[in-house]
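First to last, the protein sequences are chains A and B. Those letters in the first sequence? Residues 1 to 140, by the working numbering. Those letters in the second sequence? Residues 1 to 179, by the working numbering.
Hint data in this document are derived by calculation from the structure and do not stem from the laboratory. Please note that a few of the clues may not be correct.
To be verified - Taking lysine to any residue pairs in the SDA-like style, the calculated list, with each CA pair at most 25 Å apart, reads:
| # | chain 1 | residue 1 | chain 2 | residue 2 |
| --- | --- | --- | --- | --- |
| 1 | A | K2 | B | E119 |
| 2 | B | K148 | B | E73 |
| 3 | A | K69 | A | V81 |
| 4 | A | K104 | A | R116 |
| 5 | A | K15 | A | E47 |
| 6 | A | K111 | A | V97 |
| 7 | B | K143 | B | M84 |
| 8 | A | K15 | B | L63 |
| 9 | A | K111 | A | E90 |
| 10 | A | K66 | B | R44 |
| 11 | A | K15 | B | S59 |
| 12 | A | K111 | A | Q100 |
| 13 | A | K2 | B | L150 |
| 14 | A | K104 | A | P114 |
| 15 | A | K111 | A | R101 |
| 16 | B | K148 | B | S100 |
| 17 | A | K2 | B | Q126 |
| 18 | A | K2 | B | S59 |
| 19 | B | K148 | A | M1 |
| 20 | A | K2 | B | I102 |
| 21 | A | K15 | B | T164 |
| 22 | A | K15 | B | F37 |
Unchecked claim - Pair ranges (Cβ atoms, derived):
| # | chain 1 | residue 1 | chain 2 | residue 2 | range |
| --- | --- | --- | --- | --- | --- |
| 23 | B | S110 | A | K2 | 23 to 29 Å |
| 24 | A | R92 | B | R49 | 36 to 42 Å |
| 25 | A | D24 | B | D161 | 55 to 61 Å |
| 26 | A | S55 | B | P65 | 41 to 47 Å |
| 27 | A | V94 | B | G48 | 55 to 61 Å |
| 28 | A | E90 | B | G53 | 45 to 51 Å |
| 29 | A | D24 | B | T67 | 26 to 32 Å |
What the hints assert, rightly or not - Calculated from the model, a selection of chain B residues having no Cβ within reach of chain A, i.e. all distances over 10 Å:
| # | residue |
| --- | --- |
| 30 | E85 |
| 31 | R131 |
| 32 | P144 |
By construction, the Cβ of each residue, glycine as well, lies at the ideal position given by its N, Cα and C atoms.
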Amino acid sequence: MKAFEIHTYLGGRWKIDSVFDDRDLAVFEAERMDVSGRYPGVRVVEETFDEASNSTTNRTIFRGAKVAKANEEEFRKSAAVRRQVVTAREERKVTSVARQRQLKREAVQKKTSPVRLITILILLAGFAGGAMFGLSYLRG
Amino acid sequence: MDEMSTDMLSDEGEIESETGGDSGNDAPQGMERRLVFRLLSHWRELVGRDLAGEHDYPSFSELDPETIPDIWEHAFVLDISGHMEDPLFRLVGPKFAAYSPIDLRNLPVSQAPRDSLVEKSVDFAQEVISREVPISRGGEFLKPDGVKVLYRSIILPMSDDGITVSGLFGAANCREETV
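Full structure from sequences and hints, please.
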């Protein structure tokens, strides 16, 4: 068993305006209401009741121009946000890889730094000199 | 029902017709001619008069037969106060009344003549009471004399206080088809 509900969007929520048993009549009336411009939103919901399973399924079979436009706008906005998120993620990834490379390069550079090498050589020479001095002192 | 006049049938020719065109109806060109749509629009206008937006339904006192003379002839009023299970016919338009061999006034809907426009038109009154929204139904049925009838009807919730449904206002028309 099917029923076709005309819904209107008023006060921030959808409300059942009327119910028809005929799809064409419901859509015709919804189109008429939509064109009138008196409603921020008009839609027709097909309600199918399955007696065997005692369950009801709903699907929207008509959306007024304003609803369709709002949905389209919303879709466009969310698509733009999705694109921004993807771009930002990729940028972060690129930045992160570059940063890691930079850190690695800096670490390697640090290891091979001439100042570091000279300091090590001076320290080694100091130790060697100290050791020699110590040995010669003990001999005699 | 068998005595239905040809004059009445010519009026009912609008049942399946679109806006405009010629069907013997007095509605101006471009104006919606289908009874259920005109009555539904009128009902919405009455609801819309409440600028505060506090009322979900119009009251019977707002109904003026002179503003909807063509609809009024096919209309009926059902009283549900104290008769929720089996509403009573209170007012019946002359053309609608002509589909019943008995006087409908103060008659419960359960006693509407079988296989008649009257019975089909009030068949879903309980659904309107429970859902509290206008409902339109149509279809076809065979009269006892075998004549096929195509009909369309509508029942609208009405309220004295604008919030609680206290009565129903409906209308219906039909077209007979020789099988």
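Now for the hints, and whether the structure bears them out:
no., hint, result
1, A:K2 <-> B:E119, "holds (21 Å)"
2, B:K148 <-> B:E73, "holds (22 Å)"
3, A:K69 <-> A:V81, "holds (18 Å)"
4, A:K104 <-> A:R116, "holds (17 Å)"
5, A:K15 <-> A:E47, "holds (15 Å)"
6, A:K111 <-> A:V97, "holds (21 Å)"
7, B:K143 <-> B:M84, "violated (28 Å)"
8, A:K15 <-> B:L63, "holds (24 Å)"
9, A:K111 <-> A:E90, "violated (32 Å)"
10, A:K66 <-> B:R44, "holds (20 Å)"
11, A:K15 <-> B:S59, "holds (20 Å)"
12, A:K111 <-> A:Q100, "holds (17 Å)"
13, A:K2 <-> B:L150, "holds (19 Å)"
14, A:K104 <-> A:P114, "holds (18 Å)"
15, A:K111 <-> A:R101, "holds (15 Å)"
16, B:K148 <-> B:S100, "holds (17 Å)"
17, A:K2 <-> B:Q126, "holds (17 Å)"
18, A:K2 <-> B:S59, "violated (30 Å)"
19, B:K148 <-> A:M1, "holds (23 Å)"
20, A:K2 <-> B:I102, "violated (33 Å)"
21, A:K15 <-> B:T164, "holds (17 Å)"
22, A:K15 <-> B:F37, "holds (19 Å)"
23, B:S110 <-> A:K2: 23 to 29 Å, "holds (26 Å)"
24, A:R92 <-> B:R49: 36 to 42 Å, "violated (59 Å)"
25, A:D24 <-> B:D161: 55 to 61 Å, "violated (36 Å)"
26, A:S55 <-> B:P65: 41 to 47 Å, "holds (44 Å)"
27, A:V94 <-> B:G48: 55 to 61 Å, "holds (58 Å)"
28, A:E90 <-> B:G53: 45 to 51 Å, "holds (50 Å)"
29, A:D24 <-> B:T67: 26 to 32 Å, "holds (28 Å)"
30, E85, "holds (21 Å)"
31, R131, "violated (7 Å)"
32, P144, "holds (24 Å)"
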